[in-house]
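Engineer: Line by line, the protein sequences are chains Z and D. Numbering-wise, the first sequence is residues 1 to 906 according to this note's numbering. Numbering-wise, the second sequence is residues 907 to 1173 according to this note's numbering.
The hints are simulated quantities; they were obtained by calculation from the structure and are not laboratory data. Incorrect hints may appear among the rest.
Examples of chain Z residues lying across from chain D (beta carbon under 8 Å, computed) [said to hold, decoys possible]:
#1 Ala13
#2 Gln18
#3 Ser38
#4 Ser45
#5 Gln51
#6 Leu57
#7 Gln122
#8 Arg260
#9 Asp285
#10 Thr476
#11 Asp776
#12 Met821
#13 Arg825
#14 Gln840
#15 Arg897
#16 Arg902
Interface residues of chain D toward chain Z, partial, derived using beta-carbon atoms under 10 Å [unchecked claim]:
#17 Ala918
#18 Ser919
#19 Leu956
#20 Phe1006
#21 Ala1011
#22 Ala1081
#23 Asp1155
#24 Trp1156
Since we're looking at a predicted model, the values are computed, not measured. Don't be surprised by glycine CBs; every beta carbon is placed ideally from N, CA and C.
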Amino acid sequence: MTYSVNGTPVDAAPAPGQSLRTFLRDAGHVEVKKGCDSGDCGACSVLLDGQAVHACLTPAQRAEGRDVTTAAGLGGGDGLTEVQEALADHAGFQCGFCTPGMAVTASTLTSEDVANPEALAQRMRGNLCRCTGYRPIREALTHGLCGSGEGCGGCARTLGRLDAAPTGEHTGVGASVVHSAKDRIVAGREPFTFDEMPADTAHLSVVGSPHAHARIVAIDASAALAMDGVLAVLTHEDAPDVLYSTGRHQHRTDDPDDTRMLDTVVRYIGQRVAVVIADTKRQADLAASAVMVEYEVLPHVLDPEAARAPGAPLLHPDRTPADRVADAARNVVATVHEETGDVEEALAASAVVTDGVWSTSRVSHAQLETHGAIAWVADDGRLTVRTSSQVPFLVRDELARVLGWDAERVRVFTARVGGGFGGKQEMFCEDIAALATLAVGRPVAYEMTREEEFTRTSVRHPMRVRVRAGANIGGTLTALHVDVLSDTGAYGNHAVGVMFHGCHESIAVYRAPVKRLDAEAVYTNNVPSGAFRGYGLGQVIFAIESAMDELAHDLGLDPFEMRRLNAVRPGDPFIVAGAPDEDLKFGSFGLDECLDLAREELAGPDDVPAPEGWAVGEGMAASMIATLPPRGHVAVASISVGADGRFHARSGTAEFGNGTTTVHTQIVAEVFGVPRSRVRLTHADTDAVKHDTGAFGSTGIVVAGKALHAACVELREALLAGADASDGTPDWGALVAGVDPAHRRGDEAWAEAFLDQRERSVAFNVQAFRVAVRPDTGEVRILRSVQTADAGVVMNPQQCRGQIEGGVAQGIGSALYEEVMIDERGAVANPAFRQYRVPQMADVPLTHVRFATTADELGPYGAKSMSESPYNPVAPALANAIRRAVGVRPMSIPMSRDRVWRMLQA
Amino acid sequence: MDLAGVRTMRTASGREDLALAPGETFMAGATWLYSEPQPGLTGLVDLAGLGWDELELTMPGDLRVGAMTTIGDLAAWAHRSDLPAAPLMHQCAESLLASFKVQAAATVGGNVAKSYAAGAMVAMAATLDGVADVWRADGSVDEVPVADIPADNGVSHLGHGDAIRAITLPSAALAARTAHRRIALAQHGRSGALLTGRRDTDGSCVLVITAATRVPVVLRYTQVPTADAVVADALAAPGYYTDPLGTADWRRGVSATLLAEVAEELA
């Protein structure tokens, strides 16, 4: 059939049942993204004869004789249309994976559609963004579609596009610059993981377990192997007999070795049993359903309390503390019990005591780009993996270990990564893609579906947290007891770290003379839990901040003052329930300012009016976070400059919408006083630098950025040392020629810095809400939302605001809407976006963001981390506002409409 | 998504093409078919070649909606229409989880045939006494009230090979005043409860619960009932269910609250 794409005629024959999405991608139009493949996220939106459609829901045959327009063709030729320019200039993206579809959809709207926010949100409900919280998208669309050719005031278009801005404009540290690839991103031209593939790539499909716990008796792949295009079927017999963890850390011993690439026992529904490799994805999918597996079904346990009770089915009975499994005979991966005094005695002597059990749900990261990797053996003989990862170096190291290869013979790199939120601090697909390519001798791609994302990756650890807290009549804490049960699911990836971190800053933030902590992380036959934004803190903070609010309420105290009164401040030790921390210090302290600013902002008017008859209440919560993970986070960075004055920075950390690559170029621009356009960056490639622990724990600026800064300072000094003292425009040729030989690499001057950051500071966030609740339906409407952040010196205010807004949006999702549900068999009951409710534009209110004016001792230029932490205080602030509106305290999240309604029925 | 098992696609151009082979199914807007894996499905019969997208007022003033009329086209027509019941068509279209992009492809007939509890075209047609012309696989034609087509959430009473040809909305119902309430676990999520109603020119009243119950609950009154009566009837209605989009107790409770609002608006 013939059709046209972006004005160019195409002649091709789609397969029966093929969607327009894959048909267009096969034709090279990789700007058409796959977020869900089910018509819920909008990432694949295209125009069909001018009408926006979801390409994934459109039979390819229906494009016959019609004109398709993709994001790359919206502006005609290489240009951009107005909404694309606006999305680029207003930072209407973070990872940018949803952006091409967002732009295509918005291009069909009119000035009428953007005239009121509700109408806009209704029109855009078929497009999800997980990163931004939508505020900058709303703003961009409003400006892009204002209908005024001259712009509507305050719009970037009136000022001329930023690229055309006069040279000399400040683009260094402190400037709100947007990523230099912005125009390519909004047009879908910036490649993500699967947008470039080696020739002759084969595809992999997984056979998943239908049982929550079973032993594999036999696998018959003969029917599958006989099918068209099938190259191989791999089972446990083909997999290395090596135990590892999918969770990745700087120290591999942080996680238990409890996972085999393909195992003889399966421990959750959906777990890999076998993989099929075929010429096409479709052939692999068909053959996967023809693999016959015989199981011996084993007893399973889904409830974490039951899992640690005597007689429970054991998931990993052979693991020992040497494997970093604390007590396999009780399904306990990690355990801690410590106290600083007699908590019972202190509670008994307290004027007021609160006691409650709070619980949190499983949450999916729901980053729009699913996990996936492409593996091949390159011409140089190295195993090469292009992947969607936050931790390419850690994946390289573990992949080499599992396969028994030297790490030098393995290269792992990422292109732009379409979101992560902790979910890509894992090795979920690189291992099997690598095994597959070695088996078939061809490049192999493993691109997860959205359903696999729900059933075969990881979720946020659900926790049950009991808090008992006492205070004297003035509100000073007298005792704090926290008892945590964390459900790590079938494997222990991140079980230990999440439990300890979750119970760390959440408890250490408060001074109580007597503290006790009991915590355990437990195996169950559920989909594994893993790293998720906040890394356990959000779950425990939900409970502790709820308890703090209850104490303040009982005592008639202002909740802001309750926090000020009890929080640690410079001079205090950081104590959980044992010895004080040794690596944590007050590099700065912004909590007081955050409390003041939040209270001031909350006093502002409602952004959304309260409907008649709804109950209104205000609530707040505070949170503390260490500025990086404990026990070392490594970054190596280098910088070089040629005689033409062009800089090339290299760092290891990955970009997945966190904005670090933008800040890294700003750092170079700042140190050398050059425009950012003169700086090129290579990153997230094990070939780029010697090592980088990776992009987690909000380390992209405070570790990788700090290393790059150190390299830049060293290079600047080297350049200046060899130069004649002179003013004016630098003569780069002379400067480069004059450096010491130790700082030369070929024709360039060069410097490198190694950083193993161990000393850590703390950052604070305060969230406050005013809400209205309708008791007879359970609806919660946010009338005003405020977050204040102690981010130190803010290196890019627009980006940092974006991180906070995105964190608040994700927090609202976890607090009000999102829950990965498990059915009675242990299967995920809602593995799709139509049933799992990622916030849409209509669900996310404006959040007023204010920054404290701190400058940190440790971070580069005084900066602190600010990516994970904005998420942490959101759920308890909302719960506290609901509590004060209706007089009943929510004890579990999400506080979905049905739960709130039921809570008020009693 | 790609439907891996589909090996054949043919376009129907007449009734003789509607006989389904084993493994075949009809394809209307395709928006549901392509949104989930379809194990066992090997062939698609595209109904787009049949036309079936008429949207016309017949002589007695009935509205005949061809089954292949897109939901977007119906909503746009309703937007232009000054019939008293037209706003309900628009409101029901907007009650779908589907974005305007999906509405541009999804069909009225497909939404009814799929018979999801949250199928808002079922709600609309059930409230307006819509009747479907069903072309049976055996060659006969039946007139079936749309409210009677759903058998369960996502299951219809249509047999394999039965096709909805058109839906007729009678003139008396089109002259009625209508009201609409909707709630989901998120603002634009799939409906947890969809409450619709109409008040005819003679004062009689029809109230309908969908989305909250497995099949439509149609309550008929000679005059607009009191709030207490509506609440009692809604609470007594059968079929409230639990799934990831809402629990049965909540669906029942909010149905009673919001159906009383519908009645109040019609009073």
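Engineer: Each hint should be assessed against the structure and marked as holding or not.
Structural biologist: Now for the hints, and whether the structure bears them out:
1. Ala13: Where the cut-off is 8 Å and the nearest Cβ of chain D is about 12 Å from Z:Ala13, the hint is violated.
2. Gln18: holds, 5 Å
3. Ser38: At about 4 Å, which falls below the 8 Å cut-off, the nearest Cβ of chain D leaves the hint on Z:Ser38 intact, so it holds.
4. Ser45: Where the cut-off is 8 Å and the nearest Cβ of chain D is about 6 Å from Z:Ser45, the hint holds.
5. Gln51: holds, 5 Å
6. Leu57: Holds - the Cβ of Z:Leu57 comes within 8 Å of chain D, reaching about 5 Å at its closest.
7. Gln122: OK, holds: Z:Gln122 within 8 Å of chain D, min 7 Å.
8. Arg260: violated, 27 Å
9. Asp285: Holds: closest Cβ of chain D sits about 4 Å from Z:Asp285, inside 8 Å.
10. Thr476: At 41 Å from the nearest chain D Cβ, Z:Thr476 fails the 8 Å test, so the hint is violated.
11. Asp776: holds, 5 Å
12. Met821: Check passed: Cβ of Z:Met821 comes within 5 Å of chain D, closer than 8 Å.
13. Arg825: violated, 15 Å
14. Gln840: Result: holds, 6 Å to nearest chain D Cβ.
15. Arg897: Interface hint status for Z:Arg897: holds (5 Å vs cutoff 8 Å).
16. Arg902: Holds, about 7 Å.
17. Ala918: violated, 14 Å
18. Ser919: violated, 15 Å
19. Leu956: Violated, about 15 Å.
20. Phe1006: holds, 6 Å
21. Ala1011: Holds, because the Cβ-Cβ distance from D:Ala1011 to chain Z comes to roughly 6 Å (cut-off 10 Å).
22. Ala1081: violated, 29 Å
23. Asp1155: At about 7 Å, which falls below the 10 Å cut-off, the nearest Cβ of chain Z leaves the hint on D:Asp1155 intact, so it holds.
24. Trp1156: holds, 4 Å
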